[in-house]
Amino acid sequence: MIRTPLMLAVLGMVTLALGGCRHAPFSPPQLSPTRPLTAQVLAGGVWTRGPGVYRLRLTVVAKRYWSKVPLTGFMEFDTGRREIRLVVMNDMGGKLFDITVSRDAVAEHWLMPDQPRLHGFATALAGSVRRIFLEPQADAGDSVCVEPYTYVLRRHEPDRESCFVFGGNGNVLLEKSGRGPGGKWHVYYYDHRPVGERLVPFGIVMDDHQTGYRLTLWIETVRRTDEQTEAGNRGSGAG
Amino acid sequence: MNHAFPSLIILLFLCGLPGACGEDTALSAADRAVLARLEEAAGRVTTLTADMVQEKRLAVFAETLVSKGRFCFAKPDRLRWELTEPVRTGFVLNGRKGYRWHARAEIREDFSISREPVMKVVADQLMAWTRADFKWIQDEYRITVLQASPASLRLDPKREGMLKYVDHLQITFAPDGTYVCQVDLFEKDGDSTRLEFRNPVTNGPLPDDIF
Chain H
1 MIRTPLMLAV
11 LGMVTLALGG
21 CRHAPFSPPQ
31 LSPTRPLTAQ
41 VLAGGVWTRG
51 PGVYRLRLTV
61 VAKRYWSKVP
71 LTGFMEFDTG
81 RREIRLVVMN
91 DMGGKLFDIT
101 VSRDAVAEHW
111 LMPDQPRLHG
121 FATALAGSVR
131 RIFLEPQADA
141 GDSVCVEPYT
151 YVLRRHEPDR
161 ESCFVFGGNG
171 NVLLEKSGRG
181 PGGKWHVYYY
191 DHRPVGERLV
201 PFGIVMDDHQ
211 TGYRLTLWIE
221 TVRRTDEQTE
231 AGNRGSGAG
Chain R
1 MNHAFPSLII
11 LLFLCGLPGA
21 CGEDTALSAA
31 DRAVLARLEE
41 AAGRVTTLTA
51 DMVQEKRLAV
61 FAETLVSKGR
71 FCFAKPDRLR
81 WELTEPVRTG
91 FVLNGRKGYR
101 WHARAEIRED
111 FSISREPVMK
121 VVADQLMAWT
131 RADFKWIQDE
141 YRITVLQASP
151 ASLRLDPKRE
161 GMLKYVDHLQ
171 ITFAPDGTYV
181 CQVDLFEKDG
191 DSTRLEFRNP
201 VTNGPLPDDI
211 F
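Chains as they are written, first to last, in the numbering used here: chain H, 1 to 239; chain R, 1 to 211.
There may be inaccurate statements among the hints.
FRET-style restraints, in silico, Cβ to Cβ [as the list claims (entries may be wrong)]:
| hint | chain 1 | residue 1 | chain 2 | residue 2 | range |
| --- | --- | --- | --- | --- | --- |
| 1 | H | Pro113 | R | Ser149 | 36 to 44 Å |
| 2 | H | Arg81 | R | Lys135 | 34 to 42 Å |
| 3 | R | Trp136 | H | Asp226 | 31 to 39 Å |
| 4 | H | Glu135 | R | Trp136 | 48 to 56 Å |
| 5 | H | Asn169 | R | Gln147 | 54 to 62 Å |
Counterexamples of contact, computed for chain H against chain R with all Cβ distances above 10 Å [claimed, not checked]:
| hint | residue |
| --- | --- |
| 6 | His109 |
| 7 | Gln137 |
| 8 | Arg179 |
| 9 | Gly182 |
| 10 | His186 |
| 11 | Asp191 |
| 12 | Pro194 |
| 13 | Glu197 |
| 14 | Gln210 |
For the record, the hints were derived by calculation from the structure and aren't laboratory data. Beta carbons: idealized from backbone N, C-alpha and C, even for Gly.
One chain only, chain H, in its complex shape:
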């Protein structure tokens, strides 16, 4: 409950900061005052924690400077094994590549022949998918700072720093960022909706500050295949 104009101003600033991903096509999260929570509780609530097999249909827009490439993706995400099988197509259904992304490797199963630039693009996309869905993950051992409207988890390792921001309804993961040998990057998660007992973000934006490219993902449909639960973006998907 917001009690004073000052708190309202703080909330506005926090919302602005979380919406600080400029030109994101998603609404910023609705924040509410925090209460004491541990890193273990926050990290354990992320939808990618624990066993589960999800099938997601995605629309992806890769943007670098003035160039935009819209793509369609379909992926199977085994959260228990922390592994993603991803098929990427153009929006007419022509398959461009088929890869498996794990925490520390990428396997190319199929790549459209005679497209020399596609290997580099597939590799870059795999790296982004790993950061968005797999690594790093918030952990019970992270230091936690309870801000008025958000929880910030931080981890300092010898060669990298990771930061996770939680908040909103269900104290979901709202942001993830990292800095290290692989560069500086930031992921924003929006529009969390229930899929079974988990809150899944239906809008995701990732900024890779090193290469200057932005990836925007819309989850059009998601289905948990090991429990047969389903949610979709139909209706709003027409953009």
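Take the given structure of chain H and dock chain R to it, following the hints.
Positioned in the frame of chain H, the structure of chain R alone reads:
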């Protein structure tokens, strides 16, 4: 803005890629008669609209991705290809020019097929099919008539560029032969794509502003 949108749109229609052609197989007189009948029937069509359902089957997941949209054609060279679900995207060809859009990417841009080879391939393919231009199609595919009426054709690509991806296509025509009602594209790796054209209207009025 100069978007790179079309650079990865290699579509289903890859047969325009350069490459050597294989040997042609002569059609029987009966098969040539089927093609002549289809060409004659398509010649009577001045406009065509239909709802479109695209089903992409991914073998690795045993999963089918369904997209829906609308197809419009007006002789001689105007065409609108539009998907509306799950995402609004498509393009319009109007002679040698056109425009395309994608709602998620917030793209709406003009193009000229003389400057974009990929869109020329798309234009040539779609126009050839819509007009049942079998002279052009036979340059690209080896045709087998599977059934005379309703006509059903199997097409095996001749060009090396397309042979890398596509095993064969199966095309099914409407009973009166005036339009294609189903296209099945079978890829080398087990994936396939089905395009169904439903609720067709031939020779109806079409507003100019859809092109």
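Hints, one by one, checked against the model:
1. H/Pro113 with R/Ser149: 36 to 44 Å: holds, 38 Å
2. H/Arg81 with R/Lys135: 34 to 42 Å: violated, 54 Å
3. R/Trp136 with H/Asp226: 31 to 39 Å: violated, 49 Å
4. H/Glu135 with R/Trp136: 48 to 56 Å: holds, 51 Å
5. H/Asn169 with R/Gln147: 54 to 62 Å: holds, 58 Å
6. His109: violated, 7 Å
7. Gln137: holds, 25 Å
8. Arg179: holds, 29 Å
9. Gly182: Consistent with the label, H/Gly182 stays out of reach of chain R, its closest Cβ about 24 Å off (over 10 Å).
10. His186: holds, 20 Å
11. Asp191: The claim stands: H/Asp191 keeps its Cβ more than 10 Å from every Cβ of chain R (closest is about 14 Å).
12. Pro194: Holds, because the least Cβ-Cβ distance between H/Pro194 and chain R comes to about 20 Å, which exceeds 10 Å.
13. Glu197: Non-interface label stands for H/Glu197: nearest chain R Cβ at 24 Å, farther than 10 Å.
14. Gln210: The assertion about H/Gln210 holds, with a minimum of 20 Å to chain R.
Checked against the numbered hints given earlier, the structure breaks hints 2, 3 and 6 and satisfies all the rest.
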